[in-house]
Amino acid sequence: MITFERTGKRFGNLDAVKDFSITIKDGEILGLLGPNGAGKTTLMLMMGTVYRPTSGTITVNGFDVVKHPNEVRRLIGIAFQDPRVDGILSGFEVLNWHLKMTTTLDKDERRNRVEDALKALDLWESRKKRTWLMSGGMKKKVEDAKILVQRPSIAVFDEPTAFLDVPSRLLVWKMIRRLRDEGSTVIVATNMMDEAERLSERVAIVNKGKLVASETPEQLKGTVKGGEVLELTLNDGSEFRPDMLTKFPEVHDVKKQDNKILVFLNSGTLLLPKIVDTLSTQGFKIESVKLKEVSLEDVFLTYTGQRLE
Amino acid sequence: MSSSPTLDNGLSKTATAAEPPTHLILQTALRDVSVLFRTPWIIITRALAFIIQLFVFAFLISGLIHIPGLNFFEYYAVGSVVATIASISFVIGYDIFEEAEEGVLDYLLTLPIPRRQFIIGRALGGAMRAIIYTIPMFLIVAFVWGFTQPFSILTALVSLFLLAFGVTGMSITVAVSVKSANRFDVVLALLELAMSRGSTALYPITFMPFYVSLFAPFSPVSFAADTARMSLVGFTLDLPALAGLIAFVVIFLGLGAAFYFRRLEGGIYG
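Protein sequence lines, in the order shown, are assigned to chains A and B. With our numbering, letter number 55 in the first sequence gets 55, and the count goes up by one each step, no holes. With our numbering, letter number 241 in the second sequence gets 550, and the count goes up by one each step, no holes.
Keep in mind that the hints were calculated from the coordinates and are not lab data. This one's a predicted model, so the numbers in the text were calculated from it and none came from an experiment. Some hints could be false.
Stated by the list, open to error - Stretches of chain B that chain A covers, calculated by requiring three or more beta carbons in the stretch to come under 8 Å of a beta carbon on chain A:
{"hint": "1", "segment": "507-521"}
{"hint": "2", "segment": "553-563"}
Said to hold, decoys possible - Have a look at the derived ranges for each label pair, beta carbon to beta carbon:
{"hint": "3", "chain 1": "A", "residue 1": "T57", "chain 2": "B", "residue 2": "R425", "range": "20 to 26 Å"}
{"hint": "4", "chain 1": "B", "residue 1": "L448", "chain 2": "A", "residue 2": "K119", "range": "49 to 55 Å"}
{"hint": "5", "chain 1": "B", "residue 1": "N491", "chain 2": "A", "residue 2": "D19", "range": "37 to 43 Å"}
{"hint": "6", "chain 1": "A", "residue 1": "E287", "chain 2": "B", "residue 2": "D494", "range": "54 to 60 Å"}
Glycine included, every Cβ here is placed at the ideal spot set by N, Cα and C.
Please model the complete structure; the sequences and the hints are all you need to start from.
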């Protein structure tokens, strides 16, 4: 179990993380969802004993990260957002050395694990290629593979599928799930909605260094009033005011971003003609209309007031 | 919150297992060494440059210099091995500086190795790399001048290793205390120049200008060069020079570690 207790990290005058509290249960996949600069990487590096919290505490399986950093490091493996590999070494060598440092596996066991992971990630043919000669996607897979072969008690992935194509993304997700099935607790930092929704059992929304919500994706969606979202694109939204639509009792909230209007409501199908009529009467030209169920993206917008993607 | 801390999660042979300290120090050191072996052409070109320097420049210049009781060609040959190892030992500082800039240091700091062992491993790796790098040059010199006495060779190698170990410590100290890349390059180049040129490695102290002869005896490169020469040529042990070399290692490994800890965010180490 991992516990952040009012954790904070200050760099100069900037609070990268502030009053962050959460408990991560053994064997769960937690998605840390937030835009770039939200503090996700800082949280991970504090947990990995690279940064020291300036306030609050973090305990990993009961070990305080400041008082018992060595014990904590033996439990954690972190795959970084930008691959942190020696360019002069091949993918095989990078993974083999990582296992030498993090496990007690013998030579044959290490080779088997590395071979399995490289084959599964479609990297076996390139196993002797120096990583600086690899594409961004290949390097990223090597970075992820470090933790997949290590199988640590707590596996942390920072944007695990950045730079990856769709088949590779699905593959990495599958392997992360398998890691959890084998007993690891998994933390995935991401700014991709679909990754958070499809991979995580629980999503923690982080914004400006603070935890703003933490529930299962379905529970988070349930916290958005209405259950439906009407997305309207106007030719010019500068004159639009939310109160033009909040007068309808079925409308719970209205968010405006440039020419795009998001209306959180019930009975969207019935209300749609009235809304279109109201806006047309006010002189707005509607370029497109989309009615959909609440997504995690809408949840994020509701909690933070901004879009992620 | 769990009632008692635990490292056991049922995942056998994973990161939960504790490794003996020597294993992790060695693996850290071998990482630096393995990087060297991925670029063997650097060793080959360095060895060729050394041969040209020795058998063209040193051969010619020794014909011009006649010092009673001193074979300058031999003096220069041993000294240039020592100067070379000092120069190569500085490279680890560049590696560490680059790692910090590229974020690889963050990765290394998440590995389950206590900080002290990590720093010893890096310095050891730098020193091992420098020794491996210099061995072909040392063998050439030993072969040409017929240095075959095992104890002499061992003592000379120990002095070379101590110099390399100390210089890597110094290089790490500079790498973690200077933040600008340009300043780092300048500081390291000046240090290398002062230590090697201001030493007895390539010319005897009696022929140095007064202002150089004042500090040349205290250069760690002088300690190593004097120890190596005394053991290879004179078959004796230069104990004061050896003691100076050990002091140099202790001071700069300590300083390197202290600066490294200070640079690491929050100074988390164990």
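Quiz prompt | Structure versus earlier hints, numbers of those that do not hold, lowest first | solution = 1, 2, 4
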